[in-house]
Amino acid sequence: MTHKLNYRVIYGDTDAMGIVYYANYLRFYEMGRSEYMRDLGLPYGEIAAKGIECPAVSVNLQYKKPASFDNLITIETKLKEMPRAIMCFEQRILLDDILLNEAIVNLCFLDMKKQKPVRCPEFLREFLTENVFQ
1182 MTHKLNYRVI YGDTDAMGIV YYANYLRFYE MGRSEYMRDL GLPYGEIAAK GIECPAVSVN
1242 LQYKKPASFD NLITIETKLK EMPRAIMCFE QRILLDDILL NEAIVNLCFL DMKKQKPVRC
1302 PEFLREFLTE NVFQ
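Add 1181 to the 1-based position in the sequence shown for the working numbering, that's all there is to it.
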């Protein structure tokens, strides 16, 4: 299932050249992942309430073309596979049908009390089985 989120680039997203500042793509991708999980019915806040955080452990971005002020971009987000120890998202940013940027973002599962990585919690595996990988 690919989730799509539209976002209008604001002036604060751009640099002195009028294009989106390179690091802001990470923010856009985080918005995409957050809304993907929210729309599935399990926002990150509910996962955190169960004692699990999902920090990024690796990001691979490929810049193709720049986005500019006032562009209406689409952030596409897809969970690649059922997570074990890592939750891998494939994400893309498009302007109309033109690919601007793509990324692979890996998140781990962190036990907030112990501050140690753990395998994907069973409640999340069950949720994803019912809502994504049925």
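Bear in mind the hints are in silico, worked out from the structure with no lab data behind them.
The structure displayed is predicted, hence computed values, not measured ones.
Backbone N, C-alpha and C fix where the C-beta goes; we use that ideal spot for every residue, glycine too.
Keep in mind that a hint or two might mislead.
List time: in silico DSS-like cross-link candidates among lysine-lysine, alpha-carbon distance up to 25 Å [said to hold, decoys possible]:
1. K1259 x K1185
2. K1231 x K1261
3. K1295 x K1245
4. K1231 x K1295
5. K1261 x K1185
6. K1185 x K1246
7. K1231 x K1245
8. K1231 x K1246
9. K1259 x K1231
Listed next, with one range per pair, are the computed distances between beta-carbon atoms [claimed, not checked]:
10. Q1315 x I1267: 19 to 27 Å
11. R1189 x R1219: 17 to 25 Å
12. G1199 x K1295: 13 to 21 Å
13. A1204 x E1303: 34 to 42 Å
14. C1269 x M1212: 31 to 39 Å
15. D1251 x A1229: 16 to 24 Å
Each hint tested on the structure:
no., hint, in the structure
1, K1259 x K1185, "holds (9 Å)"
2, K1231 x K1261, "holds (23 Å)"
3, K1295 x K1245, "violated (40 Å)"
4, K1231 x K1295, "holds (13 Å)"
5, K1261 x K1185, "holds (15 Å)"
6, K1185 x K1246, "holds (19 Å)"
7, K1231 x K1245, "violated (38 Å)"
8, K1231 x K1246, "violated (40 Å)"
9, K1259 x K1231, "holds (23 Å)"
10, Q1315 x I1267: 19 to 27 Å, "holds (21 Å)"
11, R1189 x R1219: 17 to 25 Å, "holds (19 Å)"
12, G1199 x K1295: 13 to 21 Å, "violated (46 Å)"
13, A1204 x E1303: 34 to 42 Å, "holds (35 Å)"
14, C1269 x M1212: 31 to 39 Å, "violated (18 Å)"
15, D1251 x A1229: 16 to 24 Å, "violated (34 Å)"
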